[in-house]
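Trainee: One line per chain: the protein sequences are A and B, in this order. Following my numbering, the numbering of the first sequence begins with 1 at its first residue and continues without gaps. Following my numbering, the numbering of the second sequence begins with 1 at its first residue and continues without gaps.
Do not rely on the hints blindly, as some may be mistaken.
Said to hold, decoys possible - DSS-like cross-link-like pairs, simulated, lysine-lysine; straight-line CA separation at most 27 Å:
1) A:K34 x A:K327
2) A:K192 x B:K220
3) A:K202 x A:K397
4) A:K53 x A:K34
5) A:K34 x A:K227
6) B:K224 x A:K192
7) A:K160 x A:K188
8) A:K46 x A:K57
9) A:K327 x A:K53
10) A:K183 x A:K160
11) A:K202 x A:K183
12) A:K399 x A:K202
13) A:K192 x A:K227
14) A:K227 x A:K57
15) A:K157 x A:K188
16) B:K220 x A:K202
17) B:K224 x A:K57
18) A:K328 x A:K380
19) A:K227 x A:K46
20) A:K57 x A:K34
21) A:K397 x A:K34
22) A:K57 x A:K327
23) A:K327 x B:K220
24) B:K224 x A:K202
25) A:K157 x A:K183
26) A:K34 x A:K46
27) B:K224 x A:K53
28) A:K380 x B:K220
29) A:K34 x B:K220
30) A:K53 x B:K220
Claimed, not checked - If you want the footprint, here are the derived chain B segments under chain A, 3+ residues with CB under 8 Å:
31) 9 to 15
32) 45 to 57
33) 92 to 103
34) 205 to 218
35) 254 to 260
Since the hints were derived computationally from the structure, they do not count as laboratory data. Since we're looking at a predicted model, the values are computed, not measured. Glycine included, C-beta positions come from ideal geometry on N, C-alpha and C.
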Amino acid sequence: MRAPVRTAAAAATALALLLTGCSGDGGGTDTNGKIELRFQSLAWQKESVDANKQLVKEWNATHPDIQVEYVQGSWDSVHDQLLTSFEGDEAPDVIHDASDDLADFAYGGYLAELRALLPDRLTADIPEQSWRTTTFGDGVYGVPFLQEPRVLIANTKILKASGVRIPTPANPWSWEEFRQVTKELTGKGEGKATYGVAWPLKEPVSVTLNLGLSSGGQLFHRGADGKVTIRLDEGDQVVPGTIRDQVNTDHSAARTALGMGGSDTLPGLFGGRYAMVPLGFSYRQQVVEQAPEGFDWTVLPAPAGSDGLAQGVSPQTLSVAESSPHKKAAVQFIDFLLRPPNMVRLAEGDWMLPTGTAALADPALHTTENGWATGAALAKGLRSAPAQSVRGYPEWKDKVATPALQEYYSGAIGRDELNRRLVDDGNRVLARYQR
Amino acid sequence: MSIRTGRSARTGQYVALLGYLVFLAFPFLWLISTAFKPARELGSLHPTWIPEHPTLDNFRQAFDEQPLLQAAANSLIAALSAALIAVVIATPMAYVMARHRTRLSAAATGWVVVSQAFPFVLLIIPLFLILKNLHLINSLWGLIMVYVVWALPFALWMLVGYVRAVPPELEEAASVDGASRLRTLVSVTAPLLAPGIVATALFAFITAWNEFFFALVLLKTPEKQTLPVVLTHFLGAEGAAELGPLAAAAFLATLPSLVLFAVIQRRITGGMLAGAVKS
Numbered sequence: 001m002r003a004p005v006r007t008a009a010a011a012a013t014a015l016a017l018l019l020t021g022c023s024g025d026g027g028g029t030d031t032n033g034k035i036e037l038r039f040q041s042l043a044w045q046k047e048s049v050d051a052n053k054q055l056v057k058e059w060n061a062t063h064p065d066i067q068v069e070y071v072q073g074s075w076d077s078v079h080d081q082l083l084t085s086f087e088g089d090e091a092p093d094v095i096h097d098a099s100d101d102l103a104d105f106a107y108g109g110y111l112a113e114l115r116a117l118l119p120d121r122l123t124a125d126i127p128e129q130s131w132r133t134t135t136f137g138d139g140v141y142g143v144p145f146l147q148e149p150r151v152l153i154a155n156t157k158i159l160k161a162s163g164v165r166i167p168t169p170a171n172p173w174s175w176e177e178f179r180q181v182t183k184e185l186t187g188k189g190e191g192k193a194t195y196g197v198a199w200p201l202k203e204p205v206s207v208t209l210n211l212g213l214s215s216g217g218q219l220f221h222r223g224a225d226g227k228v229t230i231r232l233d234e235g236d237q238v239v240p241g242t243i244r245d246q247v248n249t250d251h252s253a254a255r256t257a258l259g260m261g262g263s264d265t266l267p268g269l270f271g272g273r274y275a276m277v278p279l280g281f282s283y284r285q286q287v288v289e290q291a292p293e294g295f296d297w298t299v300l301p302a303p304a305g306s307d308g309l310a311q312g313v314s315p316q317t318l319s320v321a322e323s324s325p326h327k328k329a330a331v332q333f334i335d336f337l338l339r340p341p342n343m344v345r346l347a348e349g350d351w352m353l354p355t356g357t358a359a360l361a362d363p364a365l366h367t368t369e370n371g372w373a374t375g376a377a378l379a380k381g382l383r384s385a386p387a388q389s390v391r392g393y394p395e396w397k398d399k400v401a402t403p404a405l406q407e408y409y410s411g412a413i414g415r416d417e418l419n420r421r422l423v424d425d426g427n428r429v430l431a432r433y434q435r
Numbered sequence: 001m002s003i004r005t006g007r008s009a010r011t012g013q014y015v016a017l018l019g020y021l022v023f024l025a026f027p028f029l030w031l032i033s034t035a036f037k038p039a040r041e042l043g044s045l046h047p048t049w050i051p052e053h054p055t056l057d058n059f060r061q062a063f064d065e066q067p068l069l070q071a072a073a074n075s076l077i078a079a080l081s082a083a084l085i086a087v088v089i090a091t092p093m094a095y096v097m098a099r100h101r102t103r104l105s106a107a108a109t110g111w112v113v114v115s116q117a118f119p120f121v122l123l124i125i126p127l128f129l130i131l132k133n134l135h136l137i138n139s140l141w142g143l144i145m146v147y148v149v150w151a152l153p154f155a156l157w158m159l160v161g162y163v164r165a166v167p168p169e170l171e172e173a174a175s176v177d178g179a180s181r182l183r184t185l186v187s188v189t190a191p192l193l194a195p196g197i198v199a200t201a202l203f204a205f206i207t208a209w210n211e212f213f214f215a216l217v218l219l220k221t222p223e224k225q226t227l228p229v230v231l232t233h234f235l236g237a238e239g240a241a242e243l244g245p246l247a248a249a250a251f252l253a254t255l256p257s258l259v260l261f262a263v264i265q266r267r268i269t270g271g272m273l274a275g276a277v278k279s
């Protein structure tokens, strides 16, 4: 059956290409010479969608010669949708995505290289470590603008009743101290939760790698020849070792949470079953919306290791399609969207942190209400996620690391087997991408 | 052969049936329950089937945030048109394939089987390019064309079975009685095929109504998007979701299919059983 399928596919593609060859779309400019841009946004929460639409409206009102159309995208399917749009030469001019989704598009030549187009103000406003998340090879293929650290969302009543030291960004828990604290918080009776912590590890890889940076974990090592290999050092073992011990030795972390997504753990947090849950900063919105009346909660920094509060992030980005005939205008619009006051509006709408230093300094993002100040204080420790530009990472993540880490955390395999699978099997996967 | 069942065996069968019905109904009942719960009840550690403080806020929010009515209208137009066109095209084709077993009909049958093996990703880019050159991107007609093409093989497959279940002797008898070919088809074959045609149309409708990926890729502007695409706008990154409004909107999205099933259930059952017993 395969031969007919191949033949059919080849015929369909040939027909499609033939038809494409006959077309001659100018696109992007109307008959009056007015530039028309399409901006595909992945904003999804009401406040965020409203902020984006309002900014587009303000731009359109002040730039009659460059009109922007807001197009709603979806996080759930953005990669496939963009890939098809790129192949069909129908991509939006301005593209909202996450930095860890950009590598394939950047290497594939679908995204415009932005360095020469970006205004100095924007380049200088965003720190170098954020630019690294959108730098592939020698080029910059997106503007990172929103990011979220992983924090501990905690039940204040349980914390206070237990008498444990409350950490701050200036004086966080070490990973060892965190382990001790979760033991103290676990138990029955006043001031105790059923479990000190619930790790929602349905997707264990990014959590493990990103938090691993705090203890010097790097996992991916780029050699002089530019090739990446996987190696587990002592620093790489701290985070997974702590989680495994909490689940299997101390019983201070809920085993059932290992298969959960972040939202799934919230009822347990509200109900006092878990004292703390490590979640992305933006989950505060769900806590505000869903927590029962009188639920007292706080935001704590994730534990620190030898490298302090460092952790990896994949910021939200704005890119320009290589096929766009109006790259300069598209970057002008991005520059407008990311002016400090506008970046603050976008950050508040998404309950995230802006990457821009001017926006981050805005007092609105430093209030103690809803933990904004704690999150803002963590911003300087945010780094490019370790696997950001490693080709073959998605396959390694899905086929090797996810099952290996899930088995390790549940206690099914030990450290040696985990290392063997992550390193030996992992390097075989990466090698195929680096021939 | 007769089947004897004792009382306990029959009880077991009913229990199994009940269990199966509960299993099937659980997601839908949970969806309804979630749609009427206020946000704070959604985060409860001890969720209840019946909302303690039922609210319509999720529906209000869903309608407030997304153009659900417009999306539902788009879905309805696309699904109804696709179903109608698919059965209009598939019925005569199925008749030919069932009644005239030539090399051509054998090849067509083979092609129907092969076409079911095409994965979406293989089709979508050539399809996208073709529709683009026909200026049918961001057009419901473009989407309807895709749905018709997508539904045709299976519709054809279903209808061939139904046609074969109609005894050729009936047509021969009509012919002997002096009916023309067209009269035979209209007065004898078509009524017997009606349940099958309805079942096939329903299949095509449901397929199009639920379809997400083609609609996502082909429709650009919010006023053209269909319900499954609009529903994803309640989802954020890493599985985060506006659960209440999502459940409310999803509940509304299931209603047309349910109503349609309820209205034509008898015809479907009749269609499915047609030809099941050899006389």
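Trainee: Does each hint fit the structure? Answer for all of them.
Mentor: Verification of the supplied hints:
no.: 1; hint: A:K34 x A:K327; verdict: holds (14 Å)
no.: 2; hint: A:K192 x B:K220; verdict: violated (52 Å)
no.: 3; hint: A:K202 x A:K397; verdict: holds (13 Å)
no.: 4; hint: A:K53 x A:K34; verdict: holds (20 Å)
no.: 5; hint: A:K34 x A:K227; verdict: violated (46 Å)
no.: 6; hint: B:K224 x A:K192; verdict: violated (53 Å)
no.: 7; hint: A:K160 x A:K188; verdict: holds (15 Å)
no.: 8; hint: A:K46 x A:K57; verdict: holds (16 Å)
no.: 9; hint: A:K327 x A:K53; verdict: holds (21 Å)
no.: 10; hint: A:K183 x A:K160; verdict: holds (15 Å)
no.: 11; hint: A:K202 x A:K183; verdict: holds (23 Å)
no.: 12; hint: A:K399 x A:K202; verdict: holds (14 Å)
no.: 13; hint: A:K192 x A:K227; verdict: violated (49 Å)
no.: 14; hint: A:K227 x A:K57; verdict: violated (46 Å)
no.: 15; hint: A:K157 x A:K188; verdict: holds (14 Å)
no.: 16; hint: B:K220 x A:K202; verdict: violated (32 Å)
no.: 17; hint: B:K224 x A:K57; verdict: holds (21 Å)
no.: 18; hint: A:K328 x A:K380; verdict: violated (31 Å)
no.: 19; hint: A:K227 x A:K46; verdict: violated (43 Å)
no.: 20; hint: A:K57 x A:K34; verdict: holds (16 Å)
no.: 21; hint: A:K397 x A:K34; verdict: violated (45 Å)
no.: 22; hint: A:K57 x A:K327; verdict: holds (20 Å)
no.: 23; hint: A:K327 x B:K220; verdict: holds (20 Å)
no.: 24; hint: B:K224 x A:K202; verdict: violated (35 Å)
no.: 25; hint: A:K157 x A:K183; verdict: holds (17 Å)
no.: 26; hint: A:K34 x A:K46; verdict: violated (30 Å)
no.: 27; hint: B:K224 x A:K53; verdict: holds (18 Å)
no.: 28; hint: A:K380 x B:K220; verdict: violated (38 Å)
no.: 29; hint: A:K34 x B:K220; verdict: holds (21 Å)
no.: 30; hint: A:K53 x B:K220; verdict: holds (16 Å)
no.: 31; hint: 9 to 15; verdict: violated (count 0)
no.: 32; hint: 45 to 57; verdict: holds (count 3)
no.: 33; hint: 92 to 103; verdict: violated (count 0)
no.: 34; hint: 205 to 218; verdict: holds (count 4)
no.: 35; hint: 254 to 260; verdict: violated (count 0)
Hint compliance for this structure: hints 2, 5, 6, 13, 14, 16, 18, 19, 21, 24, 26, 28, 31, 33 and 35 are broken, all remaining hints hold.
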